[in-house]
Amino acid sequence: AQSVTQPDIHITVSEGASLELRCNYSYGATPYLFWYVQSPGQGLQLLLKYFSGDTLVQGIKGFEAEFKRSQSSFNLRKPSVHWSDAAEYFCAVGSYNQAGTALIFGKGTTLSVSS
Amino acid sequence: ETGVTQSPTHLIKTRGQQVTLRCSSQSGHNTVSWYQQALGQGPQFIFQYYREEENGRGNFPPRFSGLQFPNYSSELNVNALELDDSALYLCASSREGMNTEAFFGQGTRLTVV
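Chains X and A, in that order, give the protein sequences.
Under our numbering, the first residue of the first sequence is numbered 1, with each subsequent residue one higher.
Under our numbering, the first residue of the second sequence is numbered 1, with each subsequent residue one higher.
Rather than coming from a laboratory, the hints here were simulated on the basis of the structure.
Model, not experiment: these values are computed from the prediction.
Keep in mind that a hint or two might mislead.
Derived DEER-like restraints, expressed as beta-carbon distance ranges [said to hold, decoys possible]:
1. A:Asn71 to X:Thr30: 28 to 36 Å
2. A:Leu83 to X:Tyr96: 30 to 38 Å
3. X:Ser95 to A:Gly40: 20 to 28 Å
4. X:His82 to A:Arg63: 39 to 47 Å
5. X:Ile11 to A:Phe60: 26 to 34 Å
All C-beta atoms in this analysis are idealised placements derived from N, C-alpha and C, irrespective of residue type, glycine included.
Same shape as in the complex, but just chain X (with noise of 0.2 Å):
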């Protein structure tokens, strides 16, 4: 069955600090892999996604994400965290039809930013 694994819950990193939030996903297949943000009372906001070729993706606001298919790990990093930064963050694996993407999320990591 497919699955995803956040295995940290809750991290809190220094204004300034690097970031690094991790995903393990569980899926037969090549899979699509997700990261969203999800700010308090919001929607989730896409921040990067791969599908396939180069391993390392690029996203929005300074995140990339490195896909590792030995170790079926897509984690998140940052190099230097913004206090604007402190969010929910939600890994997902894509499973793909014709008519699109049906999602499987993990519990999500919740990011506080200390000054």
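Using the hints provided, position chain A relative to the given structure of chain X.
Just chain A now, with coordinates in the frame of chain X:
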């Protein structure tokens, strides 16, 4: 280009009642998916609509049903509400086909008392 809009933003219902949530998809998008996000959890896929028909369903009982209209807007209906149905309900729209991005609405916060 308008984004995905959902209505209402909040509502409170009593256990056993029925509720209808609405979603207008982004211009040019013909696929709509619905997700349930319980407090402190990730969104869970309920079902997807494409060409006015259900096209995939997650692990939700039949009392969760939906519709898609010719203009690609969609409704989510939940009958016989239970306390555990309290959640944020998210709608996402996308174009059909591979490698398409899903755009999410702001959600409807449903509270069942």
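So, going through the hints one by one against the coordinates:
1. Between Asn71 (chain A) and Thr30 (chain X) the Cβ separation comes to about 34 Å, which falls inside the hinted range of 28 to 36 Å.
2. Taking the beta carbon of each, Leu83 (chain A) and Tyr96 (chain X) are about 35 Å apart, inside 30 to 38 Å as hinted.
3. At roughly 24 Å, the beta carbons of Ser95 (chain X) and Gly40 (chain A) sit within the given window of 20 to 28 Å.
4. In this structure, His82 (chain X) and Arg63 (chain A) meet the distance hint of 39 to 47 Å, their C-beta atoms being roughly 44 Å apart.
5. The hint said 26 to 34 Å for the Cβ distance between Ile11 (chain X) and Phe60 (chain A), and at roughly 31 Å that hint holds.
Taken one by one, the earlier hints all hold for this structure without exception.
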